[in-house]
Amino acid sequence: MTPSSVAATSATSLEIGPSTSSQLIYFSSISENTHRFVKKLGVEAARLPVYTRDETLLAKAPFVLVLPTYGGDSGHGAVPKQVIKFLNVAQNRTLIRGVIGAGNTNFGETYCLAGDIISVKCQVPHLYRFELMGTSEDVDRVHEGLEEFWTRLSLNQTQQ
Amino acid sequence: MTPEKLKLASHVVAINWNRIEDEKDVEVWNRLCNNFWLPEKVPLSNDIQSWATLTPEEQLLTMRVFTGLTLLDTLQGTVGAVSLIPDAITPHEEAVYTNIAFMESVHAKSYSSIFSTLCSTKEIDEAFRWSVENVNLQKKAQIVESYYYGDDPLKRKIASTLLESFLFYSGFYLPMYWSSRAKLTNTADLIRLIIRDEAVHGYYIGYKYQKGLEGLSEERKAELKDYTFELMYELYENEVQYTHDLYDSVGLAEDVKKFLHYNANKALMNLGYEAMFPAAVTDVNPAILSALSPNADENHDFFSGSGSSYVIGKAVNTEDDDWDF
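Chains F and L, in that order, give the protein sequences.
Every position in the first sequence, counted from 1, becomes a number in my numbering once 99 is added.
Every position in the second sequence, counted from 1, becomes a number in my numbering once 2 is added.
The shape of chain L in the complex, shown without the other chains (with noise of 0.2 angstroms):
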């Protein structure tokens, strides 16, 4: 990491709401305050007998996963979405990453209230000294946080479009993973507000990237699309071997690495690139999936149905003063 001092915007205006150059930043602002939330209002503790049901090797997996997050959420909130702030093209653009900033920082004490709800005071000490200790994940933070203090704007939003669409992945799996078999499922419900979360951030940067592209020459654009995947196979290759740190003593580092392909690709898709893993190894344990989204699985793919006949959709909520039928 090189200890220079962050750049600050260099010219400030009154923020205008009333004239909207892009509106994206309106949608994504409104969005955000939307799905805003607050770990106070998860009912973690009534996870705390099904945390008793955890071998010790599960427990201290948890919270190694957990830490991880917590200093990817940590770099994020304090680096990464401030970083982007002086290269904002709008000033609208400039308020949506001081609220991904803040909402990174809720992230990452969200953690603390699940440690504090399930674990000893030594307990949670010794998992964030392993996260300060264990190489792979140091290295992936010092990957991407060289770019946030590297001098090119275009590859600062590449660098935190991969860690909110990749790199939380890893870790993100495993709390799917307990919910799945119906453990911990409120540290699940927290989580997925996270997942959430992270995907409105990393959809609004990789549109900023594309925005950022437009009208460069195809030289500059041909040399951040090599960079793109240049990155994403560095990041990648610490990815496999830190999940091994993590899953092999579990034997679930097979089914992680599945999903880190499955995310990668999403990640790409949010730079305006192409998928890179083929479906042969994307194929996310169902269950998993099903966790993430239950309208993920096959069965809702008409398609591939062998009949005729249909299932029509399950009943939802409609608003319906916004329709005239």
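The following block holds chain F by itself, in its conformation from the complex (with noise of 0.2 angstroms):
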């Protein structure tokens, strides 16, 4: 995570950590295929820790989470650990407002099962999937998609 996009708030409980405004929340193991993504994006993003044991952010506006799906068998435990952790709580939840993939085509039905379970979950739309890192095409996709969802979102939320 960028230091700029975590501010270290206190803590309000203690598995809940800093907090953060970004709009974009990525996990991503120490392999960095995410984590090169969002990069790529150039967007500020706060990163949920690595380890499971490690204790998880707190948003503090809404976001849209980017997370990677490794193959697995029929899905056992697609979500990553953290990302259970980071939406077990509550606030977090209720201000998530998409969910991006990653994953490789290679594992089939399962490719980017992790988004599908928390849109499911969270009742928010699975906005876009990408394989690996991502390539050129899909960042540009992204970046402008990213842009329009939000505006939208805004222009929705005024007319209410």
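One should not assume that every hint holds.
Stated by the list, open to error - A few chain L positions that, by computed beta-carbon distances, are all more than 10 angstroms from chain F: (1) ASP24; (2) ASN36; (3) SER52; (4) LYS185; (5) GLU236; (6) GLU256.
Claimed, not checked - In silico lysine-lysine, DSS-like type, Cα no more than 30 angstroms apart, as pairs: (7) LYS180(F) x LYS220(F); (8) LYS227(L) x LYS138(F); (9) LYS138(F) x LYS223(L).
Simulated from the structure, these hints should not be mistaken for laboratory data.
Using N, Cα and C, we set each Cβ at its ideal position, and we do this for glycine too.
Can you join these two chains into the complex? Each is in its own frame, and there are hints to help.
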């Protein structure tokens, strides 16, 4: 995570760590594929801790979550534990607006499954899927897509 | 090929799985074990009727494709994965390579299961003879093999990742093509299991390559990057020839090449490099892509959709115990 995107505010519980107002929050394992994709997007983003034992983040503003799915059999355990820990915080669930999945089509039916699961669980759209660290086309589409998405959401809010 | 002896790990310590240096080793070991399968579990005999609907040319093509894949799996199981063991950084990494090596041997054997179910002994022998005589198939095996016997451990990982993530795909195309036309669907199910395994192998070996790059001089990193792209070009040129050898008779060569470009990009990404082929030449036939993964088509791209409404993903089984809410 970039230091600017995470403020070191006091934790609300032992389990919850620093808070963040980033519009993009992501999980990436030590293979760094998702991290590389987010870096290429060039927008401010907060990274969830790699290890489950570390305290999770507290979101302060609406955000889109980016997360990978590694190949699993029948999808058991598709969502990384650290992401589950993050979404078990009620405030984080109320602020999630969408999810972007990373994966590999070689994993067949479980391609980006973690994104599907969170989409259903949190009732937010699965906005986009890309493979590994994403191509430059993926980066462009997500960059534009997210801008449009946030604009549309704020318009909807003003209308209500 | 150099007839030198393969180096063995010089010093072996008792492996302690309770003291882990790299979490990726455990994660990938578990993933591979959970994914374990054997060809006997796939009801290949259900494809006998479908096989009979293929023309003699299509049958011949299919058998040649599978002997080509058998050669690569044999090479990877017998030499490739094993050659990575002496340079493993952790003992758990060594164990993962033994797992990969065994699974490649399972893959190699599974093609023989397909053959014995669908073809006569004479046809099988002829297809294997073809695999020995086809210049471009032999060349691709030799290019990779020469690096396995070479003395640069990082170059071995590059060659290995390109084999796992790129060289198989001229062959994998065909069962996906049949599957998209509702033919040989059980065979395609078996191939999908192989495709899934190869993705984990390529991911892991590519990851270990990137770990190996850490701490190297910028010069050496640049040398290895150049080498990667040179080897990719060399293999790609040969792959194009091989693709024409196989698929010209059925008019599919151009479609296969798009699939090659798409997978070459993924192989490079597994090594931590940017994709090389632009989107204009990686537009894989959607039928092939959806035979590979039902979620991979454009309908799943919310950003491309014009409306403000969206479809929530299909119902999925989740492990509710994992979640507090």
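Hints, one by one, checked against the model:
1. For ASP24(L), the shortest C-beta to C-beta distance to chain F comes to about 8 angstroms, within the 10 angstroms cut-off, and the non-interface label is violated.
2. The Cβ of ASN36(L) does not lie farther than 10 angstroms from every Cβ of chain F; its closest approach is about 5 angstroms, which violates its non-interface assignment.
3. The Cβ of SER52(L) lies farther than 10 angstroms from every Cβ of chain F, with a closest approach of about 20 angstroms, so its non-interface assignment holds.
4. Consistency note on LYS185(L): stated as away from chain F, and its beta-carbon is indeed over 10 angstroms from all of that chain's, at 18 angstroms minimum.
5. The Cβ of GLU236(L) lies farther than 10 angstroms from every Cβ of chain F, with a closest approach of about 23 angstroms, so its non-interface assignment holds.
6. With a cut of 10 angstroms on Cβ distances, GLU256(L) stays outside the contact zone with chain F, its closest approach being about 21 angstroms.
7. For the given pair, LYS180(F) sits about 15 angstroms from LYS220(F) by alpha-carbon distance, which is consistent with the 30 angstroms threshold.
8. A C-alpha spacing of about 20 angstroms is found between LYS227(L) and LYS138(F), which places the hinted pair at or below 30 angstroms, so the restraint holds.
9. Only pairs whose Cα atoms come within 30 angstroms are accepted, and LYS138(F) paired with LYS223(L) is accepted, the gap being roughly 21 angstroms.
Violated hints, in rising order: 1, 2; the structure is consistent with all others.
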